[in-house]
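There are 2 protein chains.
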Amino acid sequence: MLYADYTSSTPVLPEVKREMLPYFDELYANPSSLHDFALKARRAVEEARERVANLLGASAEEIIFTSGGAEANNLAIKGVVQANKARGRHVVVSAVEHYSIMHPLQSLAREGVQVTRVGVDEHGRVRVEELEQAIREDTILISVQHANHEVGSLQPIKEVAEIAEERGITFHCDGVSSAGVVPAKVEELGVDIYTLSAHRFYGPKGVGALYLARGTRLLPLIEGGIQERGYRAGTENVPGIVGMGKAAELAEKEMESRLEKLRRLRQRFIAEFLEEVPEAKINGHPSEVNPMYAHISVAGVEGETVVAELSAKGIYITSGSPCMARAAKASHVLAAMGLSAELIRGSMLFSLGIPMSEEEAEKLAREAGEVIRRLRGG
Amino acid sequence: MLYADYTSSTPVLPEVKREMLPYFDELYANPSSLHDFALKARRAVEEARERVANLLGASAEEIIFTSGGAEANNLAIKGVVQANKARGRHVVVSAVEHYSIMHPLQSLAREGVQVTRVGVDEHGRVRVEELEQAIREDTILISVQHANHEVGSLQPIKEVAEIAEERGITFHCDGVSSAGVVPAKVEELGVDIYTLSAHRFYGPKGVGALYLARGTRLLPLIEGGIQERGYRAGTENVPGIVGMGKAAELAEKEMESRLEKLRRLRQRFIAEFLEEVPEAKINGHPSEVNPMYAHISVAGVEGETVVAELSAKGIYITSGSPCMARAAKASHVLAAMGLSAELIRGSMLFSLGIPMSEEEAEKLAREAGEVIRRLRGG
Chain A
25 MLYADYTSST
35 PVLPEVKREM
45 LPYFDELYAN
55 PSSLHDFALK
65 ARRAVEEARE
75 RVANLLGASA
85 EEIIFTSGGA
95 EANNLAIKGV
105 VQANKARGRH
115 VVVSAVEHYS
125 IMHPLQSLAR
135 EGVQVTRVGV
145 DEHGRVRVEE
155 LEQAIREDTI
165 LISVQHANHE
175 VGSLQPIKEV
185 AEIAEERGIT
195 FHCDGVSSAG
205 VVPAKVEELG
215 VDIYTLSAHR
225 FYGPKGVGAL
235 YLARGTRLLP
245 LIEGGIQERG
255 YRAGTENVPG
265 IVGMGKAAEL
275 AEKEMESRLE
285 KLRRLRQRFI
295 AEFLEEVPEA
305 KINGHPSEVN
315 PMYAHISVAG
325 VEGETVVAEL
335 SAKGIYITSG
345 SPCMARAAKA
355 SHVLAAMGLS
365 AELIRGSMLF
375 SLGIPMSEEE
385 AEKLAREAGE
395 VIRRLRGG
Chain B
25 MLYADYTSST
35 PVLPEVKREM
45 LPYFDELYAN
55 PSSLHDFALK
65 ARRAVEEARE
75 RVANLLGASA
85 EEIIFTSGGA
95 EANNLAIKGV
105 VQANKARGRH
115 VVVSAVEHYS
125 IMHPLQSLAR
135 EGVQVTRVGV
145 DEHGRVRVEE
155 LEQAIREDTI
165 LISVQHANHE
175 VGSLQPIKEV
185 AEIAEERGIT
195 FHCDGVSSAG
205 VVPAKVEELG
215 VDIYTLSAHR
225 FYGPKGVGAL
235 YLARGTRLLP
245 LIEGGIQERG
255 YRAGTENVPG
265 IVGMGKAAEL
275 AEKEMESRLE
285 KLRRLRQRFI
295 AEFLEEVPEA
305 KINGHPSEVN
315 PMYAHISVAG
325 VEGETVVAEL
335 SAKGIYITSG
345 SPCMARAAKA
355 SHVLAAMGLS
365 AELIRGSMLF
375 SLGIPMSEEE
385 AEKLAREAGE
395 VIRRLRGG
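Chains A and B supply the protein sequences, listed in that same order. The first sequence begins at 25 in our numbering and counts up one residue at a time. The second sequence begins at 25 in our numbering and counts up one residue at a time.
Relax, there's no trap hidden among the hints.
BS3-like cross-link-like pairs, simulated, lysine-lysine; straight-line CA separation at most 30 Å:
1. B:Lys277 / B:Lys41
2. B:Lys182 / B:Lys305
3. B:Lys337 / B:Lys305
4. A:Lys41 / B:Lys64
5. A:Lys182 / A:Lys109
6. B:Lys285 / B:Lys305
7. B:Lys209 / B:Lys41
8. B:Lys277 / B:Lys182
9. A:Lys64 / B:Lys41
10. A:Lys387 / B:Lys64
11. A:Lys109 / B:Lys109
12. A:Lys209 / A:Lys285
13. A:Lys285 / A:Lys305
14. A:Lys64 / B:Lys387
15. B:Lys285 / B:Lys387
16. A:Lys337 / B:Lys64
17. B:Lys182 / B:Lys285
18. B:Lys41 / A:Lys41
19. B:Lys337 / B:Lys285
20. A:Lys337 / A:Lys305
21. A:Lys182 / A:Lys285
22. B:Lys337 / A:Lys64
23. A:Lys182 / A:Lys277
I should point out that these hints are in silico values taken from the structure, not numbers from a laboratory. All figures in this text were calculated on a predicted structure; none of them were measured in a lab.
Please take these sequences and the hints and turn them into a complete structure.
This is how it looks when you write it as structure tokens:
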């Protein structure tokens, strides 16, 4: 087996799993109970909160745990809009946001919220001048992802943050495809709200977080308890939160060495792939990119057929965003980047991870090249 | 240590944990990916769905996995109200629902939704005639819990269901404090929507489910993907869902023997407790009750002090709903049951679980009795 779908999900690291295990059947109290046994669970949650805060250079009290990136994005979008209704009802986003940003906005639009989608360049990066022009008197929220979820391009977050700050508008950044992989210090980025998903950086599925800068107004999505300072009710997923904390700690400590490895893997994979299929188009920004991503379009093949053919050989990649893969919808990201319908159809995402070796990256390129050449009758 | 706080959370059973483990680091694919490796994760989720459906006597396609009971209750309340806005804006609930029902309704009330809270008898059971009278032309939802979350009384669900069906009103039942413990076949109960929480029946925290009968209208709370048939976006918490499935399977298989044991434990505990503190008041219905619950009021003591004193001896109980315990609010449940302020202050919940022995149940009563007598200066 050769797994190259790390942007869809990552395995939980052994150290992460080990820290989670006692919280299933030994330290299983509800952290909200008032007795001493519950204290151990509560402390574990708070230690994890410190670790996630540390990854972002934030304070622990600015971290809200959620059930994952989708919930955190929904909470950010709906929560900011609900909390700021009296101030305005206009939201600015990039045209290449994830569905967990776009769909909540579509629902809010039915209630009178207006949304401006700002275009991107050929690398999928939002046009900052266009974004600035889109801002109105009644704009209450700007939301731009940190790394694009399909092609991995890093967005000009600092520039957007400066504009948002100047105008006094809340700025949310979806960091699901970046957090725990590339540096994301919230002060440096200048964001007010930032989304993280643990299973994207070797933590467990079913847990995520929202960084919420002090003073940012937000109403809860899941109500009915005072957990997470009232921003998110429900018994805490203690093992999941502990796992996210450990994964964040490791990500912070090993970030540079992991990035170096990923960049090397990516370079090697792309070089080899271009030898195999010289006419392939490498999508995403050439340098400002999350190095897990190698998103490629090849004219004359169907991405999904390549996925299936490689899968039959035990090689696992994807042809698009997993959240909508089974809906078989064309990618709005690639369309916004100006790719032709043929190149959109012929696109595939090879994603690299820290357990992968350079030999595997090369093998991945060779095997994919072989399948693609065969499919094109070459 | 003597744990008697099983209604706040239960330990994950060894068989449950064992089934979950491979999904952290072996079968870690995103179930939505299109390759064969993802198929294993997807099949595991679907098998768990079958098991949860089986516990309820439902079909697998009627089960929506969530991050827990709180999310499921919020989804039910907000989702039904949003989906039925055109038909009406009135909701009927009992006065003793959990905060994850009450708080969403408070938010909806700010948007013009009207809520009627129906009173309960001295055992905390909703007054069915009063409920029937509360129904209006524009009533779109009735929500009554299966077992009360503080005293354990079982509500007259079938009677409420008949009224709801007659009037063509969607009926939601919060089963967090009953599912997996007492029989809950949805056809028999007659509910349209039913909430479950895995960590309340020896499954993991961070996962729950909503039964949604075919044809019931509901809008999603977390949007942005086609997971859970579009009712709940976000990468599935595969290990958590697998754990919930196994816990449901075991609960279904062992329900009768577990109930028998719990009834025995409860009887023994209460008999012994009344010998220790003869003037204690046992709350909740004498027979129609989830036998995990032994909710007791004693005049002249503070429930929280008893919790703290027992905690210092390694005995863990609770004085109220853990979701609000740290907010130190007086219980709206006990107030609705007509308890005096003094008895509300002096109330405590001993909750029993399948790992407990009869000797432990007796010891629990003796130790609590000793603490209470000492606190009352007796």
